[in-house]
Amino acid sequence: MSNQLELRHLKYFLAVAEELHFRRAAERLFISQPGLSRQIKQMEDDLGVTLFERHNRKVQLTKAGAYLKKELLLTLKNLDQTLEYAKLLHDGKKGDLKLGYVGSAMQNVIPNLLLAFEAKHPNVVFNLKELDNDTQIQELLSFNLDLGFVRLERVPKGLELKPILKESFCLVLPKNHAVTQESFKSISQLKDESFILFDPKYSASYFEKVMQIFDDSGFTPNVSHNTIHAGSIYKLVENGFGISIVPESLTTTENKNIKFIKLERIKQKTTLSVVWNRNNRNPILQDFLELVL
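Reminder that position 264 of the sequence shown reads as 264 in my numbering, one-by-one numbering, no gaps.
Keep in mind the hints are simulated off the structure, nothing from the lab. Keep in mind that this is a model prediction, so the values were computed, not measured. Among the clues, some could well be false.
[Claimed, not checked] Distance windows between CB atoms, simulated:
| # | residue 1 | residue 2 | range |
| --- | --- | --- | --- |
| 1 | V223 | K94 | 43 to 53 angstroms |
| 2 | V223 | I164 | 21 to 31 angstroms |
| 3 | P163 | L83 | 42 to 52 angstroms |
| 4 | P122 | S217 | 34 to 44 angstroms |
| 5 | S183 | L291 | 57 to 67 angstroms |
| 6 | E160 | I228 | 39 to 49 angstroms |
| 7 | I164 | K94 | 34 to 44 angstroms |
| 8 | N108 | T220 | 50 to 60 angstroms |
| 9 | N108 | V223 | 19 to 29 angstroms |
[Unchecked claim] Using 30 angstroms as the maximum straight-line C-alpha spacing, the simulated DSBU-like pairs for lysine-lysine come out as follows:
| # | residue 1 | residue 2 |
| --- | --- | --- |
| 10 | K94 | K191 |
| 11 | K87 | K58 |
| 12 | K269 | K166 |
Glycine residues also receive a C-beta, built at the ideal position from the N, C-alpha and C atoms.
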């Protein structure tokens, strides 16, 4: 690579590669459009390759340009993480870990893991975000997350998925509901009820597994509400808007106006898994995986 090629050239290239428009890229970079065009031309001359095909106002990446965009995004993300890690070390921290999770993982799993990890590895900064499954996958692929806690059966190439908790489903009923743990025989007893379920957009695979419970029970539920938060489900159940089905890990609530019935006899179980990008170079991630796995 020519000594004239600098980090700024790479950032200029990525701006054009993402915008596919020199004027918009120049505005994003706060430089002039002619100046940006000269810098990109210099970069192409230094590399000896054509990165963009220019047709009047239309700009397209060449095969070489598309490859360079993909690799540079990963390289610069790793560079940013390396610099961030160096700053943490300077501040007396050992590093940081960015975690994504579906809500049920925060009930017991994540707090217990963080306490156990912190006992062995103090001075680590944790950044926690509650995110749906799909968003976690995209954030892991772009290295914006180090580790996710998801309810998925499979993940894209490049990610690793390991189950850590397999659990039963539970019915959620108002406290004074006629069906009790003793009188409950089958979910078909509740076929005339309205059901409040987690939104399928939050976890399509989880929603499909819940629907299989109804299929096996011989009826299609009347779904009156969809939500993404367990707290919202409990409030709706408490106030008589319907009943619900949730993972057993979500039964640890202080709401005394609802009750749970464990669905022990059904074949469907829900699995909480950890997922990470196998190309993630964060050293703290490896320490955390040793604890989890």
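A quick look at each hint next to the structure:
1. V223 with K94: 43 to 53 angstroms: For K94 against V223, whose Cβ atoms are near 47 angstroms apart, the range 43 to 53 angstroms holds.
2. V223 with I164: 21 to 31 angstroms: 29 angstroms, holds
3. P163 with L83: 42 to 52 angstroms: 34 angstroms, violated
4. P122 with S217: 34 to 44 angstroms: Taking Cβ atoms as reference, P122 and S217 lie about 50 angstroms apart, which means the hint is violated.
5. S183 with L291: 57 to 67 angstroms: 43 angstroms, violated
6. E160 with I228: 39 to 49 angstroms: The hinted range 39 to 49 angstroms is violated for E160 and I228, with Cβ atoms some 26 angstroms apart.
7. I164 with K94: 34 to 44 angstroms: 23 angstroms, violated
8. N108 with T220: 50 to 60 angstroms: 33 angstroms, violated
9. N108 with V223: 19 to 29 angstroms: 28 angstroms, holds
10. K94 with K191: The given pair, whose Cα atoms are some 54 angstroms apart, is violated under the 30 angstroms limit.
11. K87 with K58: 41 angstroms, violated
12. K269 with K166: 7 angstroms, holds
In summary, the structure is inconsistent with hints 3, 4, 5, 6, 7, 8, 10, 11 from the numbered list given earlier, while agreeing with the others.
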